[in-house]
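J.: Sequence:
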Amino acid sequence: MILLPLRTLMYKEIYRFLRLWRQTLIPTVISSSLFMMIFGKVLGDRIGSVQNIDYPSFIFPGLMMLSMIISSFQNTASSFYGEKFQKSIEEILVSPLSNVEVIIGFLTGGVVRGCICGVLVTIVGIIITGTPIAHPVIFLMTMLLVTTFFAAIGMINGMLAKTFDHITVFPDFILTPLIFLSGIFYSTDQLPEILRPIHAYNPIVYFVDAARYSILNLSEFTPVGTFVVIIAMLVVVLSALGYLFNRGLGFRE
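Just so you know, the numbering used here puts 1199 at position 251 of the sequence shown, and the rest follows in order with no gaps.
Be careful, since some hints might not be right.
Claimed, not checked - Each pair of labels, with its calculated beta carbon distance range:
| hint | residue 1 | residue 2 | range |
| --- | --- | --- | --- |
| 1 | Ser997 | Val1085 | 21 to 31 Å |
| 2 | Lys989 | Pro1171 | 37 to 47 Å |
| 3 | Tyr963 | Met1181 | 28 to 38 Å |
| 4 | Asp1113 | Gln1138 | 29 to 39 Å |
| 5 | Phe1121 | Ile1052 | 25 to 35 Å |
| 6 | Leu951 | Leu1143 | 40 to 50 Å |
| 7 | Ile1179 | Lys960 | 23 to 33 Å |
| 8 | Tyr1191 | Thr956 | 23 to 33 Å |
| 9 | Lys1035 | Ile1142 | 43 to 53 Å |
| 10 | Ser997 | His1083 | 38 to 48 Å |
| 11 | Ile1074 | Leu991 | 19 to 29 Å |
| 12 | Ser1043 | Asp1113 | 26 to 36 Å |
| 13 | Gly1078 | Asp1113 | 38 to 48 Å |
| 14 | Leu991 | Gln1034 | 26 to 36 Å |
Read the hints as simulated data drawn from the structure, not as lab findings. No residue lacks a Cβ here, since even glycine has one placed at the ideal position from N, Cα and C.
Please model the complete structure; the sequences and the hints are all you need to start from.
T.: Okay, here's the thing in structure tokens:
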């Protein structure tokens, strides 16, 4: 009975995007599939192989990561801001839920949506490229870490947003450039020498590297080092989310 309020919030967040699955799941899968077919199959024949891996297989993990990042971020950002805009967040705050449980409830929606999109894109990617998953356990762990991280970022964005337009500022001007500069479509070896040190400061590089290792057994960094960085970033983001939520920044003013 103690967990009933938390389960209710989690179910509500999951049902929210499943109810609109044609808008929340299908477009992401279609766009990633088009990237894979056009960039991978059409341009891949001209590009050839990257690090001894055919180009469609090389971009497959990054496109899977792209779908999870966008989906998990959008879910929590729009969901939390929607609750705030409709003033229904006040009902959640006066419920028997603790702050930690409220955060878990909202993050669950983003994590589940991101993982579903990731699995769907992975299935399409395996069909198109014929690439099996090299490390299934690490693959699942990567999915969980990535979706939790960006669901937390999305929730922070939803908390701080003042209008619906503010929800799109972060993904349009920060997240999207970082994603396309993270090595999804290219190898670090192809970068100019002067840009390689800067490349390592892009946090999404490590998520793409983890996905590529779990699927292709190919890693730019050491796998242990990659996951240490990811877990450290996740701890920082979750700590920031907890601090901002406890202060009620953006929704208790």
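J.: Evaluate each hint against the coordinates.
T.: Now the hints, each set against the structure:
{"no.": "1", "hint": "Ser997 / Val1085: 21 to 31 Å", "verdict": "holds, 27 Å"}
{"no.": "2", "hint": "Lys989 / Pro1171: 37 to 47 Å", "verdict": "violated, 29 Å"}
{"no.": "3", "hint": "Tyr963 / Met1181: 28 to 38 Å", "verdict": "holds, 30 Å"}
{"no.": "4", "hint": "Asp1113 / Gln1138: 29 to 39 Å", "verdict": "holds, 36 Å"}
{"no.": "5", "hint": "Phe1121 / Ile1052: 25 to 35 Å", "verdict": "holds, 29 Å"}
{"no.": "6", "hint": "Leu951 / Leu1143: 40 to 50 Å", "verdict": "holds, 49 Å"}
{"no.": "7", "hint": "Ile1179 / Lys960: 23 to 33 Å", "verdict": "holds, 29 Å"}
{"no.": "8", "hint": "Tyr1191 / Thr956: 23 to 33 Å", "verdict": "holds, 26 Å"}
{"no.": "9", "hint": "Lys1035 / Ile1142: 43 to 53 Å", "verdict": "holds, 51 Å"}
{"no.": "10", "hint": "Ser997 / His1083: 38 to 48 Å", "verdict": "violated, 21 Å"}
{"no.": "11", "hint": "Ile1074 / Leu991: 19 to 29 Å", "verdict": "holds, 20 Å"}
{"no.": "12", "hint": "Ser1043 / Asp1113: 26 to 36 Å", "verdict": "holds, 29 Å"}
{"no.": "13", "hint": "Gly1078 / Asp1113: 38 to 48 Å", "verdict": "holds, 43 Å"}
{"no.": "14", "hint": "Leu991 / Gln1034: 26 to 36 Å", "verdict": "violated, 45 Å"}
Comparing the model with each earlier hint shows violations of hints 2, 10, 14; every other hint is respected.
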